[in-house]
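Put chains B and C on the given structure of chain A with help from the hints.
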Amino acid sequence: MYNLEFENTIMFLNYTIALSDLGTLSNMGVFSLIIINKAGGLIYQREFQAGLRKLSTNDYLVLAGTFHGVHAITRSITPKIPSVQPPSPATSSPSTTTPAASHSYPNPGVPVTGLDYLETDKFRLTCFQTLTGTKFLLFTDPLTGNVDTIVQKIYELYADFVMKNPFYQIEMPVRCEAFDRHLGAWLRGRT
Amino acid sequence: MSSNKTSRIGEETRVDKVNAELVTLTYGTIVAQLCQDYDSNYQDVNKQLEKMGYNIGMRLIEDFLAKSGVGRCANFRDTADMIAKVGFKIFLNVTPTVTNWTSDNTQFSLIFEENPLADFVELPDDGRAQDELWFSNILCGVLRGALEMVQMQIEAHFVSDVLRGDDTTEMRVSLVRYIEDEMPPEEE
Amino acid sequence: MAAPPRHATMLSISNGDKPAQTQAQSQQGTLPQSPGLRVPSNRKTIYDRHLNRSRNAESSRASFAFLFGEMVTYAQRRVTGIQDLEKRLNEQGYPLGLRLLDLLFYRSTSTSSSALSSSSTSSSPPNRPLRIITLLHLIHGPLWRLLFGRAADALEHSVSPDTPNEYMITDNDPLVNTYISVPREMSMLNCAAFVAGIIEGVCDGCGFETKVSAHNQPTDLWPSRTVFLVRFGDAVMEREKVLERSGVK
Numbered sequence: 001m002y003n004l005e006f007e008n009t010i011m012f013l014n015y016t017i018a019l020s021d022l023g024t025l026s027n028m029g030v031f032s033l034i035i036i037n038k039a040g041g042l043i044y045q046r047e048f049q050a051g052l053r054k055l056s057t058n059d060y061l062v063l064a065g066t067f068h069g070v071h072a073i074t075r076s077i078t079p080k081i082p083s084v085q086p087p088s089p090a091t092s093s094p095s096t097t098t099p100a101a102s103h104s105y106p107n108p109g110v111p112v113t114g115l116d117y118l119e120t121d122k123f124r125l126t127c128f129q130t131l132t133g134t135k136f137l138l139f140t141d142p143l144t145g146n147v148d149t150i151v152q153k154i155y156e157l158y159a160d161f162v163m164k165n166p167f168y169q170i171e172m173p174v175r176c177e178a179f180d181r182h183l184g185a186w187l188r189g190r191t
Numbered sequence: 001m002s003s004n005k006t007s008r009i010g011e012e013t014r015v016d017k018v019n020a021e022l023v024t025l026t027y028g029t030i031v032a033q034l035c036q037d038y039d040s041n042y043q044d045v046n047k048q049l050e051k052m053g054y055n056i057g058m059r060l061i062e063d064f065l066a067k068s069g070v071g072r073c074a075n076f077r078d079t080a081d082m083i084a085k086v087g088f089k090i091f092l093n094v095t096p097t098v099t100n101w102t103s104d105n106t107q108f109s110l111i112f113e114e115n116p117l118a119d120f121v122e123l124p125d126d127g128r129a130q131d132e133l134w135f136s137n138i139l140c141g142v143l144r145g146a147l148e149m150v151q152m153q154i155e156a157h158f159v160s161d162v163l164r165g166d167d168t169t170e171m172r173v174s175l176v177r178y179i180e181d182e183m184p185p186e187e188e
Numbered sequence: 001m002a003a004p005p006r007h008a009t010m011l012s013i014s015n016g017d018k019p020a021q022t023q024a025q026s027q028q029g030t031l032p033q034s035p036g037l038r039v040p041s042n043r044k045t046i047y048d049r050h051l052n053r054s055r056n057a058e059s060s061r062a063s064f065a066f067l068f069g070e071m072v073t074y075a076q077r078r079v080t081g082i083q084d085l086e087k088r089l090n091e092q093g094y095p096l097g098l099r100l101l102d103l104l105f106y107r108s109t110s111t112s113s114s115a116l117s118s119s120s121t122s123s124s125p126p127n128r129p130l131r132i133i134t135l136l137h138l139i140h141g142p143l144w145r146l147l148f149g150r151a152a153d154a155l156e157h158s159v160s161p162d163t164p165n166e167y168m169i170t171d172n173d174p175l176v177n178t179y180i181s182v183p184r185e186m187s188m189l190n191c192a193a194f195v196a197g198i199i200e201g202v203c204d205g206c207g208f209e210t211k212v213s214a215h216n217q218p219t220d221l222w223p224s225r226t227v228f229l230v231r232f233g234d235a236v237m238e239r240e241k242v243l244e245r246s247g248v249k
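Order-wise, the sequence lines are chains A, B and C. Going by the UniProt record's numbering, the first sequence opens with residue 1, and the numbers climb by one from there. Going by the UniProt record's numbering, the second sequence opens with residue 1, and the numbers climb by one from there. Going by the UniProt record's numbering, the third sequence opens with residue 1, and the numbers climb by one from there.
Hints may be right or wrong, so weigh each one.
As the list claims (entries may be wrong) - Here are the simulated DSS-like pairs of lysine-lysine, each with C-alpha atoms no more than 30 Å apart in a straight line:
| # | chain 1 | residue 1 | chain 2 | residue 2 |
| --- | --- | --- | --- | --- |
| 1 | A | Lys153 | B | Lys5 |
| 2 | C | Lys87 | B | Lys17 |
| 3 | C | Lys87 | B | Lys51 |
| 4 | A | Lys38 | B | Lys47 |
| 5 | A | Lys54 | A | Lys122 |
| 6 | A | Lys38 | A | Lys122 |
| 7 | B | Lys47 | C | Lys44 |
| 8 | C | Lys249 | C | Lys211 |
| 9 | B | Lys47 | C | Lys87 |
| 10 | B | Lys51 | C | Lys44 |
| 11 | A | Lys38 | A | Lys153 |
| 12 | B | Lys17 | C | Lys44 |
| 13 | A | Lys54 | A | Lys38 |
| 14 | A | Lys153 | A | Lys54 |
| 15 | B | Lys5 | B | Lys17 |
| 16 | C | Lys211 | C | Lys87 |
Since the hints were derived computationally from the structure, they do not count as laboratory data.
Looking at chain A on its own, in the form it has when it is part of the complex (with noise of 0.2 Å):
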């Protein structure tokens, strides 16, 4: 009985180090952000660490095109089960079923999405696609907890500062400086 509660103490310390590492990263384990248009070209790139290894141009251009395919995929290959086709005087004559018919989704109501997310023992990828088509990818620490709310507020953060500004055309790289800040100053606010 002792024993095992020093243990839980001794676990939660373990746990509270851990987060207190992931305060002094800063940011709350927020490493960087991706977007990418409808058409997968990348828009935007950004650390939110110091210090952080960054990938070439090009790599972030293959990344974003690579995902946006691989996002695809995953939307077609979702597995689709038979369904019972509803009787209706329209289908009565055989030639008319196709095998189309027969099949749906699981729990139809549901739209299909595609990736929502990746992770390593390392990092997590998070990949949020507005219903305009546009995605928007997080890079985190495995352990940040709360990271919808942090991509929702990028959204907004987005549609503030991105979509008022006229001089930001649409489906181009995003270069708004109060996007930038006000994405950095809410990011720092956090921890």
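Coordinates of chains B and C only, in the frame set by chain A:
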């Protein structure tokens, strides 16, 4: 999504505010500037307003989605409800009535009880403006641009306007088609 | 002293020939409407609805941002450079200033009395500013509050003896620039030229011929801090001296 729930999203979405008169007067100067630039050729002004609205719509949709947090609509009836009770509520603080559906559910009307864009407005008394100019035509473009970004091609136009002496302000919205997304056709 | 304001540059925005303010005044006067215009049977017209109806109404800041952004985009297609763009934005704000001036006077004169009785006296608003300082306080306070919900951040007079006609109104964070990032190659541009035009309209409407321009004066704390430079014309400065001597406030 239930109609009540839609209304609630419209009410509860947090919106940064400005003086409504600033919006009204700014829009007024835009229309007046176009009338000047196009030498009071009102057909051209209507067209240009629609185009400006389209540009706005393509951007505004992101703000709408980011701030309201709503998901994809199940059908066009849901879309109409979302436009009226969330979209117009958030951006103009009015809620037009959705009505006059066609039986195939692809066309409806928005009836505007209030139209903040047209407050303080009287059309030029030149014998033409009341027959030719659709003062709030930018709104048609906004709907077209916004819906196109979420894979719906629509057509929108005003059929009446109190500024023209009509008793109502009514916009007609028609679904042309759902735009296929980037996915290859899934099956034969 | 109650001579009608003269406008150095009058830009009528609705139909060409008639000066905008004369038109606005005739609308407020006794003439109910032009006989040529049709009105809805429920009489939902500007003459039947109270002018203060929208006084405290609010709209979304996003809607303003999108409209203003589109105004900038549209203006950009028709100009040759940054100065030209600012000039055009200024011209778009100018008529707004003239109209707001009427609204400001109307609101500051009408109390609880009926709208009609107060608006019928609009030919000589009692509190039209006669001196530069009164005018600038009207802009810094009431005008800014009407447009942006708060007063401007500073009002200063040029310290240089060469330019006694120059005043500066500072806004630490102009609402019109909230979401705008100007591209590096256009770094001189300030879209608040639109607001400069509004100020110019208000001044001109009061009979103070002036030129107003917007300038970037960023600080670390206020990256979009903007100074509106108000330069009054020689005639205004002359008159100011006469008024000073005769003790007019």
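> So which of those numbered hints doesn't the model satisfy?
Replying inline: none
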